[in-house]
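Dock chain B against the given chain A, drawing on the hints supplied.
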Amino acid sequence: MNNTVYGIKTTKKDFAAKPSFLRAVFAIVWKDIQAEYRSFELISAMLVFSLLVIIIFNFALNLDIKMRETVTAGVLWTTFAFAGTLGLNRSMSVEKDRGCLDGLLLAPVDRSAIYFGKAISNLTFMLVVEAIVLPVYSILYNTNLFQPGLLLVILLGSIGYVGVGTLLATMSVQTRTRDILLSILLFPVVLPVLLPAIIASNGFLTRVELAEIMFPIGLLIAYDIIFISVAFMVFDNVVEE
Amino acid sequence: MITVKKLVKRFGLKTVLRGVDFEVQPGEFVALLGPNGAGKTTFLRILASLSRPSLGEVKIAGYHLPQQAAQVRARLGVVSHLPLLYGDLTAEENLRFYARMYNLANIEERITEVLEMVGLDTRKRDLVRTFSRGMQQRLAIGRAVLHDPDVMLFDEPYTGLDQDASSMLDDVLRTVAAQGRTVVMTSHDLARAEDLATRFDILSRGLISASASRRELKKTNLLAFYKQALAG
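Residue numbers (the working numbering), protein chains in the order written: chain A, 8 to 248; chain B, 21 to 252.
This is chain A alone, in the form it adopts within the complex (with noise of 0.2 Å):
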């Protein structure tokens, strides 16, 4: 039923319907990615962190091609968690700085559809800087990168690396020493992804054995599974004060 006050029309009753639990997320993640395209901060910070660094280890690991493979792993998914914690700290600011947070916060909808929404983008930035830094690092390091089953680690480890981190790092923003607190939280929090994402990611690498990668790619799905359902408990209570 519309109103008319004051010569502006008012929808009353519009308002009532509680928005879908997808409609929020998508309307979350298609917000952050236009804010993205525009500004284009946080892919760039993450980008031009991840090249130094592939860089540097490759001035600093002067390697023959076997030695090159065995740490290519270690390479990677350090390179990955540091820029990841950039763009985890970049993503939260943006909606705190503003006041953003308060206005997700009161929208009337589930809130951890606001959680899923901010893993989406954090994770689709994270696939998008991962998605550029392979082939270079591919090049760099004359090493085939392009194997299904790493694409496919990457993939697991980088989800529950931001399934974790999107948790905390809304929950470090919210603090004074918020540029630091992330790291220390996270670390040791996302340890049991990133491990078995390297050991696995060093297996395709190295080609071993399908069955002996088996046990860690495992480890990282129930790790991914785990860290989703324990931010998507708690995370109504770490935005509230």
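Hints are all accurate, no fakes.
Using 25 Å as the maximum straight-line C-alpha spacing, the simulated SDA-like pairs for lysine to any residue come out as follows: (1) B:K247 with B:R38; (2) A:K103 with B:L109; (3) A:K103 with B:R95; (4) B:K26 with B:A90.
Hint data in this document are derived by calculation from the structure and do not stem from the laboratory.
Chain B in isolation, oriented as in the chain A frame:
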């Protein structure tokens, strides 16, 4: 419309609100006044469902907080000294995002109406980060009324605004109130509060220490009433 009984809010060992009783009738415009640190923002954040009460009862539009927070949030518009807007999105995109979050029907029509109301229809495709503080605050009000809420909460909306921007904000606030909404506004600006509000409550040391309607205040002035409430 708003009923608060014996509201207590503690942060660790510090008690910010010490049993606040507060009631607002539909259509009232209440100015909540008080010195810095009196607990005004904390009180408004509890009404906005952004903070949980430690003790006491809060009911807005018949819904209890924090149990029915989603229903309360659908009927609530909040404006603070921060714009709650994304600088890298245009005015139109910001409103479209919030319209989706509130599941509005006829989104484009509503955005046009709201932008006209706050006088930003000609700047709708400009990035919010290029807006002056006053324009951002007007758009923030547009964001807050987008879903046509019954209750509006304003937390120091004049902070950082120059004289012209404040006057414009006065007009927008009058329009918002004239639409029959219930308004609670915290402010340090007694003159503006006196001009706009229909009731004045003084929050001091975590309690409502005095309350007077505009009619009651005619016998004295707001500044004298305010000083007396704080002294008592």
